[in-house]
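Okay, here's what each chain looks like letter by letter:
There are 4 protein chains.
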Amino acid sequence: MGTEGELYYWDYLGLDALLASQQPISGGEGEPAHDEMLFIIVHQCFELWFKQILVELDDAVGTMHADTVPEKEMGRVVDRLDRIIAIQRLLTGQLEVLETMTPLDFLDFREQLAPASGFQSVQFRLVENRLGLDPEQRLTIAGASYTDVMSDEHRRMIEETERAPNLRDAIDRWLARTPFLRFGDFDFWAAYREAVDAMLERERAKVSEHPNLDDASRDEQLQAVEESAAQFETLFDAEQYERLRERGHRQLSQDAFCAALLISLYRDEPLFQLPFRLLTAVTDIDEGFAAWRYRHALLAHRMIGGKVGTGGTAGHTYLEAAARKHRVFRDLFDLPTFFVPRSALPELPAEVREQLSFRYESAPA
Amino acid sequence: MGTEGELYYWDYLGLDALLASQQPISGGEGEPAHDEMLFIIVHQCFELWFKQILVELDDAVGTMHADTVPEKEMGRVVDRLDRIIAIQRLLTGQLEVLETMTPLDFLDFREQLAPASGFQSVQFRLVENRLGLDPEQRLTIAGASYTDVMSDEHRRMIEETERAPNLRDAIDRWLARTPFLRFGDFDFWAAYREAVDAMLERERAKVSEHPNLDDASRDEQLQAVEESAAQFETLFDAEQYERLRERGHRQLSQDAFCAALLISLYRDEPLFQLPFRLLTAVTDIDEGFAAWRYRHALLAHRMIGGKVGTGGTAGHTYLEAAARKHRVFRDLFDLPTFFVPRSALPELPAEVREQLSFRYESAPA
Amino acid sequence: MGTEGELYYWDYLGLDALLASQQPISGGEGEPAHDEMLFIIVHQCFELWFKQILVELDDAVGTMHADTVPEKEMGRVVDRLDRIIAIQRLLTGQLEVLETMTPLDFLDFREQLAPASGFQSVQFRLVENRLGLDPEQRLTIAGASYTDVMSDEHRRMIEETERAPNLRDAIDRWLARTPFLRFGDFDFWAAYREAVDAMLERERAKVSEHPNLDDASRDEQLQAVEESAAQFETLFDAEQYERLRERGHRQLSQDAFCAALLISLYRDEPLFQLPFRLLTAVTDIDEGFAAWRYRHALLAHRMIGGKVGTGGTAGHTYLEAAARKHRVFRDLFDLPTFFVPRSALPELPAEVREQLSFRYESAPA
Amino acid sequence: MGTEGELYYWDYLGLDALLASQQPISGGEGEPAHDEMLFIIVHQCFELWFKQILVELDDAVGTMHADTVPEKEMGRVVDRLDRIIAIQRLLTGQLEVLETMTPLDFLDFREQLAPASGFQSVQFRLVENRLGLDPEQRLTIAGASYTDVMSDEHRRMIEETERAPNLRDAIDRWLARTPFLRFGDFDFWAAYREAVDAMLERERAKVSEHPNLDDASRDEQLQAVEESAAQFETLFDAEQYERLRERGHRQLSQDAFCAALLISLYRDEPLFQLPFRLLTAVTDIDEGFAAWRYRHALLAHRMIGGKVGTGGTAGHTYLEAAARKHRVFRDLFDLPTFFVPRSALPELPAEVREQLSFRYESAPA
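Protein chains in written order, with our numbering: chain L, 1 to 365; chain W, 1 to 365; chain C, 1 to 365; chain U, 1 to 365.
Next comes chain L alone, as it looks inside the complex (with noise of 0.2 Å):
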């Protein structure tokens, strides 16, 4: 390895300590259960991504907690995001890998483990709560808080980061700061108001004259363009919103959540390229972090059965729970809910296109 002090891939990655840390406990004084090693690697592999999006969220988070967000920093967000949903497509794979373990290998150091079980992961309770998991609708585990089962120095950090910076709360302050929604003489609400009025009337005008339709069905799909109707009502009105975020359907403020229904529609102005993007990223690990859930719980079903898992609870049902609750961004799920199509949509004045459009022009010479 030539020169005396060089570096050395070895101890450059840490290897001494990265390749000791593996200690099975099946097995006494003999041989280990074949499959622990894997057991082990798997969740050490996992612990290892986790740090590395935590790092990722810090640095977006640390970007868009800011006040002003310049441009410039938009794209490196993105790239961060990107990343984690890069690492999300590894996490769903090592699961994959940890399925070639079968139930009755996983028996041979199963009991052994309790009551230690995923549920202590610190690192994932950090990602949740970064990403701004609200606590208020987390899932308890057998009746108990999350962090019930980690030592008081966990439990400590855990809780202090509900209450740090998280991605959800700087992405609503900084969807809630886009200007354009009020623009001069321009209210884009009021514009977008009338597109979905127009739209609905549209709607109503062609069931009443459909010359096919039986009573019974021209009454309900009367009704439910009413209700189409009614569902606008509850993003435009400030009362009727604040009514659903508090029943726990919205999460994002009014402002926000119209902000971003706004960079959806003109995605395409080149202000709104890079937000949008984000706005697509963050949905993205939202939904990788639910599909990996609930992959989790068909591989812990299979792998105990109906037992309860080494946490006191039953795994599957809980991580199958979680797959459905434990979502950050669902709000932007919802939002194609109040899309008009592109023909119906306002057109931007000329002001408003001309401040969301950049443009380089020949070099003076």
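Hints should not be assumed to be uniformly reliable.
You can't tell identical chains apart in this list, so a pair holds if it fits in one copy or across any two.
Stated by the list, open to error - 20 Å max Cα-Cα, derived SDA-like pairs, lysine to any residue:
{"id": "1", "residue 1": "LYS51", "residue 2": "ARG76"}
{"id": "2", "residue 1": "LYS72", "residue 2": "ARG330"}
{"id": "3", "residue 1": "LYS51", "residue 2": "ASP82"}
{"id": "4", "residue 1": "LYS51", "residue 2": "GLU239"}
{"id": "5", "residue 1": "LYS51", "residue 2": "GLU162"}
{"id": "6", "residue 1": "LYS325", "residue 2": "MET37"}
{"id": "7", "residue 1": "LYS72", "residue 2": "ASP108"}
{"id": "8", "residue 1": "LYS51", "residue 2": "PHE183"}
{"id": "9", "residue 1": "LYS51", "residue 2": "GLY118"}
I should point out that these hints are in silico values taken from the structure, not numbers from a laboratory.
Here the structure of chain L is known, so what remains is to put chains W, C and U in place on it, guided by the hints.
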């Protein structure tokens, strides 16, 4: 392309027809919406793969449904099922490609698709039925049967397959024929029950004699052991088993369930190696479709928000429910509930092991 | 299926034609070989995805080939290319499905396919040409042109695309138009050259003053610095650059190559963020096809061994060579050769940064 | 976390050590480069997975290297190898995550890594040797042995494994012991040779009697048949086979190669089903590493351009060459060269089939 009459790649693959079968409906006289082509091609690829899955399922059911299944054909059945698993990975990948379409782009042609919908995928229903999805466990769609959205011809075709041989029934019959459950003087179930009783007794003793448990914890843990004992009773007791089955908690017959347990526990015996692979493969397939449906539900949610799907029912909630309910081999996920650790497994008598073995000996010179 | 005349999923997708277009040729009067259906369907899905890739490429080339590319359309072009990347993942997945066919199963119908072969995939050739594969860099197949194996009609269609606008040319022209290379008093290339010279000087000093190097190592390392200096010369010197291009080592024009370098180095500037994403996307696409061809070569090898492919030429060696030679954006892989570290990058003058920026300000009330 | 002394997830996984072992070297006193953490974690995960691969390989070699391999253990060996295949998918996924780092970001810390490099991955060299990579076929690195870049301790450790039992040798010995090649009156090779001769004769006749071939084409095709005949000679003739082996075109012994052929051709016989799966698995592994190396070469190219890697040699060209040369089971890729179609296979005598079969019969009541 050389000599007249030679086979030509384009013709062999029927590309004239194949590449002419994308007929976007958006755009009227003008250009169709850009993403409609993607939408069509993704769904056509789904249908091509469903066709292939049916080909493999038909072959597997054909073999397994026979009154005897020669060992020589077991490997082939496992290969057919493994291919389905490989295809399932593609199906998920195709959802990721579809997700490159944004909700706003979808809206460019979404309305025009109504009432056509994925609920009308005839082949997917055939796949479900061929696997053995219980018609009584099917979700209704807006209160109606899953076949109500089909053309008459397709409805008949699908309903026929509800009564045709399916993979679950074929595997049930094949499992139930497994010899070795009772073999000469050896009664496996008596032996297994003894092993279970001994295990439960050990667990009771461990709790009772634990030095550091307070009374409440002891009671709780003892209760857990008794619940486990009661669960085992549902396995051993034909009446209890049948009651579970009536309530939809079991789908396999008791004999089949027990044979699956035997094969899983003694899977290293030469004669059980391929049967074990077969059970693993159908578990994988069931898991694969559940994960795919769930992913599909997430996609549907972000694509259309809270609105109803083009098929007239709330797309994503249906798909999420189907991921939970439309399971065919859930029993195999539950098997580990009834495992005893390898160290506590009853040893098979020499003559049984002998029957389960095969070996090749040096050929007579 | 409800009311007469309504759109039906089966019809919308053209499933009558689509599902009738699998016509196995093996088996004569009897059953075709089981795996021929898989073989056909995999290849049909390849062709459907090639069609989709062409749709996206056409759109991207259409935009990029124009004399000016509005910022508003850049995001869309990147989306088109990102979709191609997503599709490429499927293409690799499809090879894995094809690999569930064993060589012996393939042999059941392989002979009958001759001389049809993947070499005859018209659409794949169109993809290559649309990307901008240089006709002169193409491998011959058994000494003949790649179009010799095509029908007359297809040969003409493909040859036309050799002369039609393609993605590489369009990107070359677009890059070469980048302003900012010279801007008012600021001459980027003069500044960059200074930065490079300073960096090389630092490296020379570091080697010369290194306390522990013996003479031989010092000479060796100094030579490496001079080689690096010479390499930079090929970038700065128009004649040297052109010579590299003539020998096929460069494909982009010097201006385009330099603009790509500028964008890569200052990618955080708002105006460069999407152009950088575009360059990354085409690099990914080039890499994706190279990896796919290589994987395809491995598959061909294990499927037919050392024998010639059905197209009459040694399949796997051709595919492996194509992975190496049929590259369209190799220049972009080479870019980092000419990077100087961020810390040594010339700072852009305020007026240039200003031009590269955009921002939105609080809207006038 | 409940009772003192209970097992805790964090401790079980050794997370204190694991999560402290990322020690970036960039940044000096200040912040390290953002992407160095990713770089470290990706490589640490590679090393953890290499450790797991070694665990599986050791177990597989341990079983296969014995003088007899009980059928009971075959399934387990196949499972070990299948797990390696699942891990290989992750390895490729990890490259995709690493690729979210851009070349410019890498440059922020790349220089400081020298001369540390992936060439120094001790465990990967152990994997290669444990698989059975022939030391004589190894590429040199800048003219030096692959162990020259290692520490003394690691060099010794690696060189020892060159002489230790490896998977290829173990499989060679196991294959060579296959009975059935000669069995009582039945000489498989004589029968196979007859089948081959008959096949070649049919091909000659087909060409000669083809009505539409001109003389040149006929000669060309007849020559192809003779080349095929000559190729078969290298299989049947021990001396020719040995000569191929000396030149590096074959690695398995002739007996082993022939047994692999027998198993592939008659894989449906019960006794050959698991051996066939084993051969398929090692072929998959060889393919997986080749594809991974190639992907790695592409990544190295785009990450550092034409410059030399940190290990002092041109990274991407080495990796590309290694993808081609560092193959362990290429013989198995070549097998299909010597297949005759199923319809032309010699039928096995009843007594051989009997020996290859096993079956279970209704148990004596």
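Against the structure, the hints:
no. : hint            : verdict
1   : LYS51 to ARG76  : within (19 Å within a copy, 34 Å between copies)
2   : LYS72 to ARG330 : neither (28 Å within a copy, 28 Å between copies)
3   : LYS51 to ASP82  : within (16 Å within a copy, 28 Å between copies)
4   : LYS51 to GLU239 : neither (41 Å within a copy, 50 Å between copies)
5   : LYS51 to GLU162 : within (18 Å within a copy, 37 Å between copies)
6   : LYS325 to MET37 : neither (32 Å within a copy, 31 Å between copies)
7   : LYS72 to ASP108 : between (54 Å within a copy, 19 Å between copies)
8   : LYS51 to PHE183 : neither (43 Å within a copy, 44 Å between copies)
9   : LYS51 to GLY118 : within (15 Å within a copy, 23 Å between copies)
Checked against the numbered hints given earlier, this structure breaks hints 2, 4, 6 and 8; the rest are met.
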